[in-house]
Structure formats: C-alpha cells, structure tokens
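Chemist: For what it's worth, the numbering used here labels the leading residue of the sequence shown as 1, then goes sequentially.
Worth flagging that the hints you see were computed from the coordinates, not collected in a lab.
Careful, some of the hints might be misleading.
Calculated lysine-lysine pairs in the DSBU-like style (CA-CA distance at most 30 Å, straight line) [stated by the list, open to error]: (1) K123 <-> K194; (2) K286 <-> K258; (3) K239 <-> K272; (4) K175 <-> K224; (5) K52 <-> K20; (6) K239 <-> K224; (7) K194 <-> K30; (8) K194 <-> K66; (9) K239 <-> K83; (10) K239 <-> K196; (11) K286 <-> K213.
Simulated restraints on C-beta separations [stated by the list, open to error]: (12) K204 <-> D171: 30 to 36 Å; (13) L180 <-> N120: 55 to 61 Å; (14) I198 <-> E46: 19 to 25 Å; (15) D171 <-> L112: 40 to 46 Å; (16) R295 <-> D62: 46 to 52 Å.
Note that beta-carbon positions come from the ideal geometry of N, C-alpha and C, so glycine has one too.
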Amino acid sequence: MQIIEVNNENIGILFDYWNKIGEGIAYFYKTSYESFKKSLLDDTFEGMSILKRNNLYICSEDDEVKGFIQYGIPTFHFTQEGKITKDINIGVIRNLYYEQSRNDIGNALLDLSMRFFESNSIKDIYAFYHVMGMSCNGNHGKLHERFDYIGNLLYEAGFEVEHENLYYICDMKEKELEYLNNSHIEVGEIEDNKQKFILYDENKNLIGNAEIKYIDSLTGLREKDTIYLVWIGIHKDIKGKGLGTEFLNHIIHYCLTKGYRYLHTDTAINNKIAQNFYIRNGFIDKGITRSYICRG
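Please take these sequences and the hints and turn them into a complete structure.
Modeler: This is how it looks when you write it as structure tokens:
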C-alpha cells in the first residue's frame, strides 16, 4: 500500500477511478476531465471557493488506485438558520472512497485527515457536507447508501449521521402535463448555472417560486439531458389545490422545450410531504444519501 499526494500534475490518475465508483449512482454525472479536475482542485459554490486548505491523497497498489480521500478547511459554513458564515473553525472530509473489502485502506486514509485536523486544533469535523460536493456532481456532497461501509468506518471513528436525504429522478418525457388552474410562469435569467421561476395565478398574483440548476455546464457538456430542481414552493395559504403539480408541469414543459429529459432533485428523509409530492408526480427513488459530523 502506497499513499501518494495528488496535485495538478498527477490528478489524471484519479479520473478513471472516479468514473468507476460512480457507476449507477444518479448524481455521479458523466463529466469531462477538465470539469472533474476543476471540481477537485479549484471548486466553488455560489461564487465562493469551497476549500482554503485542500488535501488530496490516493492509496495505490501495483500502480492502481485503490482509494482516495479529500479533506481540508472550508471557506464558509451554513449556520443552523441556513445562513452562510465565514467565521468558522471546522474541518471537512469532502471525499473518501475505497473498496468494501479494504477497511485497512479506509482507515489509513481517514487517519491522515484526523491527524491533520488535530494538528490544526479543529474539533468539529464534517464528512460529505452536502453543498460542498463536487460541482461535476451538481454539488451533491452526501454519501450514497451504496457506500454504507464507509459510513460504518466513520461511525467507528466517532462520527454520527448529520442529515439524511432521498434522491429522486423524473423522466420528464413520461410526465402528463396539465394546467387546470390557468396559472403561468415568469422565467429569470441564468445566473451561475441557475435559473429562477415565479408562478402567477390567473389574476397575476405571485403564488410560487422555484429554482433549477443546469448540469450540462457543470460537466463540460457531458451530461446533456439533465436538470436539477434545487427547490420548489407554493405559498402556504393556497396549498392543497394542485398548484404545486401545475407549477412543476410548467417547469418540466420549459425544460423539455430546451431539449432536456431528466429532472433530478432530493429532499430530507423526514419530509414526507415533499416525498409524497415527488412520487405522485412520477419521480423515482434513487436511494438515501447521508452527511456526517464528529463533534469535538
């Protein structure tokens, strides 16, 4: 077993491994090498650099990648109220992957990060922080349930589950579109790969808001048929009248006319209302994803 630091000069050794571990996971999108490289070494979220201290190592045997870890100190953090703060002292394990039968590799890589955090007096450590995921994965940073054995390794090291989400995909071509309430939408300009929608009723009253993210531009145009639904909401005083579905139908029609086919989204595992809404509207459950925390 050999631990090798990865940098701008040798990062190519990780690309095939990344594509291999992501097979069959909905948010591991097809991506160009350049988008992958930028996502690892110089990534941003809403215009902010994600990591100000970025450490990246692989474990290699017989010149073959057997696992890797990315960890460091972020530039920002979300408070309990959902506000961004830069007054922080936390650590982040952004990526940790290895084969299920090789806990020795997982332990060796995890130990690297824990020694780093200890030497920098960092007590609170986050693993698979949701919004600090790779841009070529749409910034979805949580760990998929397929890798539960990695979650178990984190448990053994003192981590606990922070948040759990369910990931969904809708084949928009299969969706029946109806507009029974005579509503209409206003579409904003694309900013930072995102676009906002406003829903109005027939009397031009604002009754809903939503936002989508364009995945093609984040993957070097390798994932050409996918849109991510960041959020969708209807004013609470008019819920239960089918306007959420109607709003979604407007968004789907807009995306279809632009040549996209699949709509991705995710929601908290305890948000049963949202889950029922997505399932009722043709979304398919693609698994649980989790983030973790170790409090000092």
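Chemist: Now look at each hint and say whether the structure bears it out.
Modeler: We went through each hint and held it up to the structure:
no.: 1; hint: K123 <-> K194; in the structure: violated, 34 Å
no.: 2; hint: K286 <-> K258; in the structure: holds, 25 Å
no.: 3; hint: K239 <-> K272; in the structure: holds, 15 Å
no.: 4; hint: K175 <-> K224; in the structure: holds, 19 Å
no.: 5; hint: K52 <-> K20; in the structure: holds, 28 Å
no.: 6; hint: K239 <-> K224; in the structure: violated, 33 Å
no.: 7; hint: K194 <-> K30; in the structure: holds, 19 Å
no.: 8; hint: K194 <-> K66; in the structure: violated, 35 Å
no.: 9; hint: K239 <-> K83; in the structure: holds, 26 Å
no.: 10; hint: K239 <-> K196; in the structure: holds, 20 Å
no.: 11; hint: K286 <-> K213; in the structure: holds, 19 Å
no.: 12; hint: K204 <-> D171: 30 to 36 Å; in the structure: holds, 32 Å
no.: 13; hint: L180 <-> N120: 55 to 61 Å; in the structure: holds, 57 Å
no.: 14; hint: I198 <-> E46: 19 to 25 Å; in the structure: holds, 20 Å
no.: 15; hint: D171 <-> L112: 40 to 46 Å; in the structure: holds, 41 Å
no.: 16; hint: R295 <-> D62: 46 to 52 Å; in the structure: violated, 39 Å
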